[in-house]
Every structure is written in structure tokens, then in C-alpha cells.
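In case you want the letters, here they are:
There are 2 protein chains.
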Amino acid sequence: MQLARDSDTTGYLIAPDPAAPRLTRAVTGHDHTGAETKISVVEERPLTIYLNSQEIVTAMTIGDYPDYLALGFLRNQRMLTDADTVTRVDYDEELETVVVRTANPTNHEDKLKKKTRTSGCAVGTVFGDMMEGLEDAQLPAAEVRTSWLYALSAAINRTPSLYLEAGAIHGTVLCHQTQPLVYMEDVGRHNAVDKVAGWMLQNGSDPADKILYTTGRLTSEMVIKTALMGIPVLASRSGFTAWGVEIAREVGLTLIGRMRGQRFVCLSGEERLIRDTDPASITDEPRKSGRKGAA
Amino acid sequence: MQLARDSDTTGYLIAPDPAAPRLTRAVTGHDHTGAETKISVVEERPLTIYLNSQEIVTAMTIGDYPDYLALGFLRNQRMLTDADTVTRVDYDEELETVVVRTANPTNHEDKLKKKTRTSGCAVGTVFGDMMEGLEDAQLPAAEVRTSWLYALSAAINRTPSLYLEAGAIHGTVLCHQTQPLVYMEDVGRHNAVDKVAGWMLQNGSDPADKILYTTGRLTSEMVIKTALMGIPVLASRSGFTAWGVEIAREVGLTLIGRMRGQRFVCLSGEERLIRDTDPASITDEPRKSGRKGAA
Numbered sequence: 001m002q003l004a005r006d007s008d009t010t011g012y013l014i015a016p017d018p019a020a021p022r023l024t025r026a027v028t029g030h031d032h033t034g035a036e037t038k039i040s041v042v043e044e045r046p047l048t049i050y051l052n053s054q055e056i057v058t059a060m061t062i063g064d065y066p067d068y069l070a071l072g073f074l075r076n077q078r079m080l081t082d083a084d085t086v087t088r089v090d091y092d093e094e095l096e097t098v099v100v101r102t103a104n105p106t107n108h109e110d111k112l113k114k115k116t117r118t119s120g121c122a123v124g125t126v127f128g129d130m131m132e133g134l135e136d137a138q139l140p141a142a143e144v145r146t147s148w149l150y151a152l153s154a155a156i157n158r159t160p161s162l163y164l165e166a167g168a169i170h171g172t173v174l175c176h177q178t179q180p181l182v183y184m185e186d187v188g189r190h191n192a193v194d195k196v197a198g199w200m201l202q203n204g205s206d207p208a209d210k211i212l213y214t215t216g217r218l219t220s221e222m223v224i225k226t227a228l229m230g231i232p233v234l235a236s237r238s239g240f241t242a243w244g245v246e247i248a249r250e251v252g253l254t255l256i257g258r259m260r261g262q263r264f265v266c267l268s269g270e271e272r273l274i275r276d277t278d279p280a281s282i283t284d285e286p287r288k289s290g291r292k293g294a295a
Numbered sequence: 001m002q003l004a005r006d007s008d009t010t011g012y013l014i015a016p017d018p019a020a021p022r023l024t025r026a027v028t029g030h031d032h033t034g035a036e037t038k039i040s041v042v043e044e045r046p047l048t049i050y051l052n053s054q055e056i057v058t059a060m061t062i063g064d065y066p067d068y069l070a071l072g073f074l075r076n077q078r079m080l081t082d083a084d085t086v087t088r089v090d091y092d093e094e095l096e097t098v099v100v101r102t103a104n105p106t107n108h109e110d111k112l113k114k115k116t117r118t119s120g121c122a123v124g125t126v127f128g129d130m131m132e133g134l135e136d137a138q139l140p141a142a143e144v145r146t147s148w149l150y151a152l153s154a155a156i157n158r159t160p161s162l163y164l165e166a167g168a169i170h171g172t173v174l175c176h177q178t179q180p181l182v183y184m185e186d187v188g189r190h191n192a193v194d195k196v197a198g199w200m201l202q203n204g205s206d207p208a209d210k211i212l213y214t215t216g217r218l219t220s221e222m223v224i225k226t227a228l229m230g231i232p233v234l235a236s237r238s239g240f241t242a243w244g245v246e247i248a249r250e251v252g253l254t255l256i257g258r259m260r261g262q263r264f265v266c267l268s269g270e271e272r273l274i275r276d277t278d279p280a281s282i283t284d285e286p287r288k289s290g291r292k293g294a295a
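First to last, the sequence lines map onto chains V and C. Just so we're aligned, residue 1 is where the first sequence starts under the UniProt record's numbering, counting upward by one. Just so we're aligned, residue 1 is where the second sequence starts under the UniProt record's numbering, counting upward by one.
Only chain V is shown next, with the shape it has when bound in the complex (with noise of 0.2 Å):
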């Protein structure tokens, strides 16, 4: 296990909380010596969401903040629309359930009745449903200043996490100037990514002046959520798709990528970004940061 150094949650709304029982597991093993070891391993636990009676999907997850998961997953996949009013979110952790209830029958439904009567499923056009929403979506033109970034990456490498308690899982952390406010984690990259919009839905949350940070690839999928959710601005340490880039720069999103201590690239939006800082200035990222990248 390794330990953050000088950790801050100062400002956080919410913070991973890598003590959290039940979200790793010691496990015993043995290492490359052959020595027993004791290791720290992430949960993963199935959660069937459902938007009022329809099954929508199963997903893999840690399983911590279930409602704000099957909010956001819905939200992102445009299930659920500003003409919805949820009236309630029921998790119940015996069935792995989370049921989140509308008002008045969704448009997903009536279309998932049209649809099912055709090909059966409606998994085939989630995606087209999410690049529907895009059509001439444009981003507020926000400013993002590389001193917010830098800040930003290293206030969120100090912050204890499950990644750095336990490896293998990703972190999206929602984010004003330089402060990270609500940092999630997850087995899958995308419900960290959910659970974030998910929480700006309940607590409506302005997305206009905020950067969305990912430890995960800045895949098509990922910049469509970030633009969905109205975020003008993705930053991650990891790398990008070419599809991903396309978008960004279609709706005016300014995509920030392989950004470990002073480097990063920025392949949408240059024109937004405020060059505050001295890179050289930067010391580059200490080697045991803890972080790796997700390839």
C-alpha cells in the first residue's frame, strides 16, 4: 500500500474515503519472492439500475453513492431529460438494485417500448443518444488558466484515494479554478464520471465554471459525457482517442491530456487557455507520486 504524502482534502465537498470498509478487501497472496503478502483490492459489485419498471442496465461498481450513479448514468445517456422530475431514488443493497422514479412515463420508455417491438434492445442507440444531444451543443467559452492545472493535478495526486490505497480504479474529480470539490472513484471509468453528474443534478450545480479532471482516457464516450453535462473543460493524465478529440473541438471543449507535472498537451481550445504559469516552474511529477496512467 502506498501513502499519499501531505494530505489535504481542505475544500473537498466530497473526498474518496479510502478507509471506507466496504469498499477494498485485504486479500492474501504471494509475491514474485514467493513471500505471503497481504494486499488491499477495490470491491466490485454488480448494481441493475432501473428508470422507473424498465431494466436500463447492470453496472460493475464500487458501490458507494448508488443514487447519484443511477442519476447520472441515466442523465448522461439522456434517459432522463430537464422535462423529468425524479421523485425518488430507492437503493436497496440486499437485491443490488437502484430504482430511480420519474413523475410521468420518460421519452427512454416510450422509445425502448417502440424500440423493443423493432430489433429488441436498446442498447444499439444509447450511443446515438448521446451524440443527438450534441447537435449544436456549444460550450460556454470559459478560460482555463495552466495555473489552475497544475494546482489542480497536484492537489488531487496529495489527496488520499482509493487509488493509491488499492490501485485499479479511476477517479473524476469536478473541479472550480484550483479546487477539487467532488472527487469520485470507481472500478469503471465512466460511473465515476456518472456519479459526478449525478451529483450536480441534486444539488444543482452551475457546470459553467467548472473543469472536469480524469484519471481515464479522454475517449469519445467521456468528452460527450463531459459536454453533456455542460463541463467546458476535460483534463487528464492519461492519453486521448482520435474520435475524442473530434468532438471536443466540434462543441467547444477544451480537452487537456497527458498531464503529469509540468507536461501536459492541449488538442481543443488553445485559444482559451491562459498560459499563467512558467512550466519550468513546475517540478516535474516525484517518480513514487503513486499515480501511473491510465492506459
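Think of the hints as simulated: they come from the structure by calculation, not from any bench. Bear in mind that the values here come from a model prediction, so they are computed numbers and not experimental data. Treat the hints with care, as some may be off.
To be verified - Some chain V residues judged to face chain C by a derived CB distance under 10 Å, without partners named:
no., residue
1, Asp84
2, Thr85
3, Val86
4, Ala142
5, Thr146
6, Ala242
7, Gly257
8, Met259
9, Ala280
10, Ile282
Said to hold, decoys possible - Covered stretches of chain V (in silico footprint by chain C; criterion: 3 or more residues with CB under 8 Å from a CB of chain C, positions within the stretch not fixed):
no., region
11, 35–48
12, 260–273
Said to hold, decoys possible - Some residues of chain C that are not near chain V, with every Cβ distance over 12 Å (derived):
no., residue
13, Leu13
14, Ala15
15, Pro18
16, Ala19
17, Asp67
18, Ala103
19, Asp136
20, Ala151
21, Ala154
22, Gly239
A virtual CB, placed ideally from N, CA and C, is assigned to each residue, including glycine.
Place chain C on chain V using the hints.
Positioned in the frame of chain V, the structure of chain C alone reads:
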């Protein structure tokens, strides 16, 4: 871009093709100094998989080996079983679809028809179906030499790949003793595994004497797929999830993770691991090997 040194693809049946123009794209952006930079990023395309007339799923993939991906996905999801005879696999690049045709309707299609009358979508059941496949599954008690694991790890890291070319991609390699055989890469960790499964299905490859190596995490889904493929050993540079370990122990899968240089952790199948190499004789992984842990 990072170059692999001592590149060697001797003995591979399928090796990555980092030079393939369709798989990566050069994108221009700006680095941390503000200088214009051109980097290579992986492509990412939707591919909708049909089983006969049934739309099953839309996967995001780099786009190579769509036929293996479709076959392997359907097989690993147990939508295709030994009872089914695949008559044709039709890939349409323009429509971004691949259709797997069987001599007779599959159980899955029947199940889906029932299912769609109730909850409207079979997504939630897919995972259950995979688990079902594991009931009283027991893998052959194949011995594994640590000398093989060290040799494979070194060979795979020296193999020119899209990862070394563009990053942000996962690799899965089917191996026999010290020889990597089929090295698939994809933006989706599971696509890479499914492409290997499709290749094995197509070529009638015997899984009992094989080792599966992945750059991805050892999640429940990765462990289940390896077990369903009948491969008794799964090794990774990356970490574990608790459920992944549990399932590996249940089905008798040898599970080795956090494999870097001379280090690794074995959390299942220690009794089948033959430690024929002194770890001290293995030079630890060079810092700049280009490989990073897939968090």
C-alpha cells in the same frame, strides 16, 4: 511518440500493426511550453454487432478484426454456444455493422424475445448469463513457470504496438509458454480480449495450454471471460478487484497481477506456479519502457 527497442515479433501469428494508417491519426495541438506539437492518437469507431437479425450491442473499437470482435463478444457473452453453427460473418465498413449468422436461431434470440416482453432489454441479463456459464466450470490445473511469465512480459513490452505508438489503448496477448502468439489491442479492454476469443474460435485453438496476458485490470469481467475461454492462466501488469480474485479461486484460474520487471503478485493458483527463476536475476523494468499501469 515512443519507439520500442529490440523490437521482435518472431513467432507471432498476429502482431500489432502500429503502422496501419486506419488505426491511428496524427493530431496537431500545443504542448506545455505552448509549442505546436503533432501527436499520434488512436482511432475509435462505433461497431454495431448483430446476431442474425438481432441488434446486440454497439462497441467502440479501433476497427481492426471486426469479425473476430463480433464472434468473440457473442461467444464470451454466451450468446453463441457450441450448439450454434456460424454460417457467415458479414462486416460492412460503411454501415459500421458486423452480422454473425448462424444455421439456426440461437437460444439467446429466444431468450431475448421472452425478455423483451418483460423488461424490454436484455442488457441486465448479459452479466447473469456470463456467470451462469461458470457454474461448475473448472479449468485444467496447468502449471506455469515464472520463467515463462518473465519471458512473456519482456517480449510483449519489446513488441512494437499501438500502445507504444499512440498510447491510450489496451492490449491482450494469447501466449504459449514463452511465446506470445496473438496480440490484440483496442480502446476497449474487453474488445481486445473478445478479438482473441474470436480468433481462437475461428482457428480451433486449444485453450488448455495457453496463458492470457493483459495490460488491463483483473476485474470480474476479465476473469470470467478468461475462464469462459477455457484459459487457465491470466497475467497482468495491472491490479485486481476483489470479485475478480474470488471468481479466479472458484474456477481454478491462476491469477497474477502487478507484474512489472521482477515483481508480481499471485492471488490465485500459487500451488500451480513453478518458481524456476530467481527474481533477482531479472533486471527491473526500465523506467522508460513506455508501459504504464492501466489503472
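Hints, verified against the model:
For aspartate 84(V), the interface hint is violated, the least distance from its beta-carbon to any beta-carbon of chain C being 18 Å, above 10 Å. Interface hint at threonine 85(V): violated, since its Cβ lies 22 Å from the closest Cβ of chain C, which is beyond the 10 Å cut-off. Taking 10 Å as the C-beta contact cut-off toward chain C, the hint placing valine 86(V) at the interface is violated, the least distance being around 20 Å. Checking alanine 142(V) against chain C: minimum C-beta separation of about 18 Å lies over 10 Å; hint violated.
Hint status for threonine 146(V) relative to chain C: holds, with the closest Cβ pair at about 8 Å, below 10 Å. This hint holds: alanine 242(V) has a C-beta 4 Å from the nearest C-beta of chain C, less than the 10 Å allowed. Using the Cβ-Cβ criterion of 10 Å, the hint placing glycine 257(V) at the interface with chain C is satisfied: the shortest such distance is roughly 8 Å. At a threshold of 10 Å, the smallest CB-CB gap from methionine 259(V) to chain C is about 8 Å, leaving the interface hint in force.
The beta carbon of alanine 280(V) comes within 9 Å of a beta carbon in chain C, closer than 10 Å, and the hint placing it at the interface holds. This hint holds: isoleucine 282(V) has a C-beta 8 Å from the nearest C-beta of chain C, less than the 10 Å allowed. Note: the region 35–48 of chain V has 9 residues with beta-carbon separation from chain C under 8 Å; the three-residue rule is met and the coverage holds. Taking a C-beta to C-beta cut-off of 8 Å, the region 260–273 of chain V contributes 9 residues in contact with chain C, enough for the three needed, and the coverage statement holds.
With a closest Cβ-Cβ approach of about 24 Å to chain V, leucine 13(C) is found to remain outside the 12 Å limit, as its non-interface label requires. With 12 Å as the threshold on Cβ separation, the claim that alanine 15(C) sits away from chain V holds: the shortest Cβ distance comes to roughly 19 Å. No beta-carbon of chain V is positioned within 12 Å of the beta-carbon of proline 18(C); the least distance is around 14 Å. Its beta-carbon lying about 16 Å from the closest one in chain V, alanine 19(C) satisfies the requirement of being farther than 12 Å from that chain.
Even its closest Cβ contact with chain V, about 18 Å, leaves aspartate 67(C) beyond 12 Å, as expected for a residue assigned away from the interface. Every Cβ of chain V is farther than 12 Å from the Cβ of alanine 103(C); the closest lies at roughly 20 Å, confirming the non-interface assignment. Annotated as non-interface, aspartate 136(C) keeps its C-beta farther than 12 Å from every C-beta of chain V; the closest such distance is 21 Å. Every CB of chain V is more than 12 Å from the CB of alanine 151(C) (nearest about 15 Å), matching its label as outside the interface.
For alanine 154(C), the shortest C-beta to C-beta distance to chain V comes to about 14 Å, beyond the 12 Å cut-off, and the non-interface label holds. Residue placement check: glycine 239(C) does not keep its beta carbon more than 12 Å from all beta carbons of chain V (closest about 3 Å).
Violated hints, listed in ascending order, are 1, 2, 3, 4 and 22; each of the other numbered hints is respected by the structure.
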